[in-house]
Amino acid sequence: MTTYEPAIHFKDVRYSIDGNPIIGPITGSFPAGQITTLVGPSGAGKTTVLKLCNGLLSPDAGEILVEGRPIGSLEPTALRRKVGMALQDAPMVNGSVYDNLALPLRLRKKELSETDAVSWLEDVGLPADYLHKKATELSGGQRQKVSIARTLVNHSDILLMDEITSALDRGSKREIESLITRINEKYGTTIIWITHNLEQAISIGDFTWVLVAGELVETGESRILEKPADERVRRFVKGELQ
Amino acid sequence: MSPIALSLTLIFVLIPLLLSRTLNLGLEKDTLIATVRSIVQLFAVGYILKFVFDSDSYIYILMMIALMIFAAVHNASKKGKAIPGISWKITATIIAVEVLTQGILLGFGIVPATAQYIIPISGMVVGNSMVLSILFLNRFTSEMETHRNRTELILSLGGTPKQAVHTQLTDAIKASTIPTIESQKTMGLVQLPGMMSGQIIAGADPVQAVQFQLLILFLLLTTAVVSSILLGFLSYPSLFNERMQLIRQSND
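Respectively, the protein sequence lines represent chains G and V.
The opening position of the first sequence corresponds to residue 1 in the UniProt record's numbering, with each subsequent residue numbered one higher.
The opening position of the second sequence corresponds to residue 1 in the UniProt record's numbering, with each subsequent residue numbered one higher.
Treat the hints with caution; some may be incorrect.
[What the hints assert, rightly or not] Using C-beta positions, here's what the derived DEER-type ranges look like: (1) V:Val190 x G:Gly95: 54 to 62 Å; (2) G:Arg69 x V:Asn138: 36 to 44 Å; (3) V:Gln184 x G:Lys186: 56 to 64 Å; (4) G:Glu231 x V:Lys174: 52 to 60 Å; (5) G:Arg170 x V:Ile178: 53 to 61 Å.
[Said to hold, decoys possible] Cross-link-like lysine-lysine pairs, in silico, BS3-like; alpha carbons within 30 Å at most: (6) G:Lys110 x G:Lys11; (7) V:Lys174 x V:Lys81; (8) G:Lys133 x V:Lys81; (9) G:Lys110 x G:Lys186; (10) G:Lys82 x V:Lys162; (11) V:Lys174 x G:Lys109; (12) V:Lys79 x G:Lys109; (13) G:Lys227 x G:Lys82; (14) G:Lys133 x V:Lys79; (15) V:Lys50 x G:Lys134; (16) V:Lys50 x V:Lys162; (17) G:Lys173 x G:Lys134.
[As the list claims (entries may be wrong)] Residues from chain V that face chain G, not an exhaustive set, calculated with beta carbons under 7 Å: (18) Ala34; (19) Thr146; (20) Asn149; (21) Arg150; (22) Leu153; (23) Ser156; (24) Leu157; (25) Pro161; (26) Gln163; (27) Arg243; (28) Met244.
Calculated directly from the structure, the hints in this document are not laboratory data.
Glycine included, each C-beta is placed from N, C-alpha and C at the ideal position.
This is chain V alone, in the form it adopts within the complex (with noise of 0.2 Å):
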């Protein structure tokens, strides 16, 4: 893309700008800042990137990656606050599905152990990994505040932590692999994911690219069902003493 092109993309940033002046909708001073933000951070992270697979070191591979989780915990905690120590619980969610994938890639030879295929692949297991653990959180919390009573009946029957949880624990885990699974069946129907967009439009042979594609969305799936099943298994502990209470009783 050309230097001219690119600055014509803008026109789709000053329509939004347009629109919210002509109608009031205050939307100016945050679509100006994350305009600013996407265009410095895209930039240094492609600079970086070239620079990562031009050394062509795992050390800096590694870098990345550590880069990529430390970003999404600081973003996912923000949702657990009511979990005691949810950061290391999100971080060592996240480390265990980029290992397990990664793993399962590069073990039997999936794809190639290169920064090329690493990297980004790594970036769409974190980010994914991410939003299921902000999914998953917001449920969890909800339906232990929702269900506080169904919580307190099992344990005064004599019930355990795990048991007087399961049900929301469940629900929860439910809840937020549903859009990844659903939007699964309509892929390629109602949408082309962004991906495989790309990977046409800079000239690969489309059947290559739903071939990766697919790799992504199986890889994604296993992301989706282990990140909120891990997290939950990790969260639901520290919600309770070694006296088996819930932590925060309310009273009369």
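In isolation and in its complexed conformation, chain G is listed as follows (with noise of 0.2 Å):
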């Protein structure tokens, strides 16, 4: 079996909100170049794992390595341009696509050429013309498709996706799992994604992590999903837990 370098890894972290355990211990990798799906029930603490990588939120204890080194070390705004995030809302700023594709240039007071905006949008399958479109007369696909493309312009190495296929039609969807697998194959990006579709988690991910109340209570190559050792999972896996 190959062994993967971790990309992220995780060692006893907990996380909690005025004292309620949100998450863990948990202790686990992400390896890299890989596509790692994060399954489980609603409230299982996916979102916050995905904040405390890319350090919107801190463990309360617990150690978080990025790429070996501990993330606390990592300056938060480099840590975020490595460690890139896509919303599940995909939310917009006002103006055009343009405006929101140059967006993580313009942080650095910086400016994204036209050809460069072009590429990036037909990076994700998106027709240069669209780059004068407003923002907000995109469909909710290619919202997310240019909400991928924003965070590629930060050339991270590693890629947070928080459910972003899930309020998109059978057709979007499937654009958007090829698009991820074609950046992970192009960049050699490790992408950590968050679904509530299994069929998706295993036909797309390389590993899964299976997080149950804040644990994680299975982690290992997708195909786990098919035939689940622990009890929790086989419940998920079955539909008894949402």
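Put the complex together from the two separate chains, hints included.
Spelled out as structure tokens, the structure:
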């Protein structure tokens, strides 16, 4: 069996809000250059895990290593550029598609050339004439594509996807899935992807983390979802845990 | 005004009381409390002002202004509980605005440095700064709540807290200062300002009353804009920690 360097490693990580434990203790790795899906019932702490990965949250206890370095030693803005995140509802800033694509660079007082912007758009399967469309005029699938392209502008080594296909129709879902696979293959980007769809988790993911009530109950290659060892995972796969 | 004439003004309190009673509006208690409080507070202030004017001491003037600021901060702080240390931020804002405006007025000799001018003008500046602080805090906290995902988006793309709140901050500053600017556009057409009306009733020359009113209007313009901006830039850093994380995150 091939072993992979961990892109992100959690060691006894705990996180709580006002004394109520949300996750942990969690110990596990997201293999570099691979697609890991994060599945589990609602409220399992999946989004919390993503936010811990790019420093939008900090753990109460334990250690998170990003490419071998303690997360606290990385400057927050540099960390978030390295570990990019596409949010569930793909929020857009006011203005055109170009304004949204240029946003990551403008935050660093740089500009994105139109040629580069078109190339990012084409990378996510959108035609060049979308560049000057208003972001508010985009469909759900197009918003998600622009959101992914906007995250790519930062040349992140690790991409976090928070249920980016949950509100999309079957066609758009397939397009986004093949887009993520392409990004992973083309740039060798590590992908960590929250999904509710187990079929998607098995077909897209190389590896899977199953979270239940803030605990990492099973982890390994995605096919573990076909024959789960843990009773809670079996119930989740059967649809008894939502 | 004779004591009898003053007593007769209570008719204007009796009218709402009777209407409230007849229509079961339930406003009697609050109306009575408001009436008694305004009588006691205004007379108390009147006698204190008389004492301060007679003594002509800067210490008493400063004490009066400190009292006004204390009351204004106490009132405005209730609206910004979500922002840590808001009382100190409002105090710093109001003091800065008071120092700036009085500095210009007294420094350029626009008004004489006497209690008769300093105290009423300070009252208007501090009161206006308090109202603006409340308007700003109301708007800013609701903007932050409504556009939480926008804040999170900018942070997740590697933006700083200042960049993450920029739109919400400028929207709140604009929204809180617009009423002051708009009301100045119709000033004199829709309503005669209170201070000007008071001066005219007291027998002052209307043109001189207008000159003083203009001074106050321009002063309040600065007060409004500076209060909102200053409070805005003092407030937003408290919403983030040293790791540039929004404090009190919501999670799945």
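Run the distance test for lysine 110 of chain G versus lysine 11 of chain G: straight-line Cα separation, threshold 30 Å.
violated, 37 Å
Would you settle whether the hint for glutamine 163 of chain V is holds or violated, based on the nearest Cβ-Cβ distance to chain G being less than 7 Å?
holds, 6 Å
Take the C-alpha atoms of lysine 227 of chain G and lysine 82 of chain G, compute the straight-line distance between them, and say whether it is at most 30 Å.
violated, 35 Å
Restraint status (C-alpha distance of lysine 79 of chain V to lysine 109 of chain G at most 30 Å)
The given pair, whose Cα atoms are some 35 Å apart, is violated under the 30 Å limit.
Distance restraint hint 56 to 64 Å, applied to the beta-carbon atoms of glutamine 184 of chain V and lysine 186 of chain G
holds, 59 Å
Given hint proline 161 of chain V near chain G, where the shortest CB pair must fall under 7 Å:
Because about 10 Å separates proline 161 of chain V from the closest Cβ in chain G, which is outside the 7 Å limit, the hint is violated.
Satisfaction of the methionine 244 of chain V interface hint, Cβ to chain G closer than 7 Å
holds, 4 Å
Given the hint that lysine 82 of chain G pairs with lysine 162 of chain V, does the C-alpha gap stay at or below 30 Å?
Measuring from Cα to Cα gives roughly 20 Å; hence the hint holds.
Taking 52 to 60 Å as the stated bounds, is the beta-carbon spacing between glutamate 231 of chain G and lysine 174 of chain V within them?
Since glutamate 231 of chain G and lysine 174 of chain V have Cβ atoms about 57 Å apart, the given range 52 to 60 Å holds.
Would the hint on serine 156 of chain V stand, with a C-beta cut-off of 7 Å toward chain G?
At about 4 Å, which falls below the 7 Å cut-off, the nearest Cβ of chain G leaves the hint on serine 156 of chain V intact, so it holds.
Does the nearest C-beta of chain G fall within a distance shorter than 7 Å of the C-beta of threonine 146 of chain V?
Since the shortest Cβ distance to chain G is 12 Å, the answer is violated.
The hint names arginine 150 of chain V as touching chain G; please verify it with the least Cβ-Cβ distance against 7 Å.
holds, 6 Å
In summary, the numbered hints that this structure violates are 1, 5, 6, 8, 12, 13, 14, 15, 16, 18, 19 and 25.
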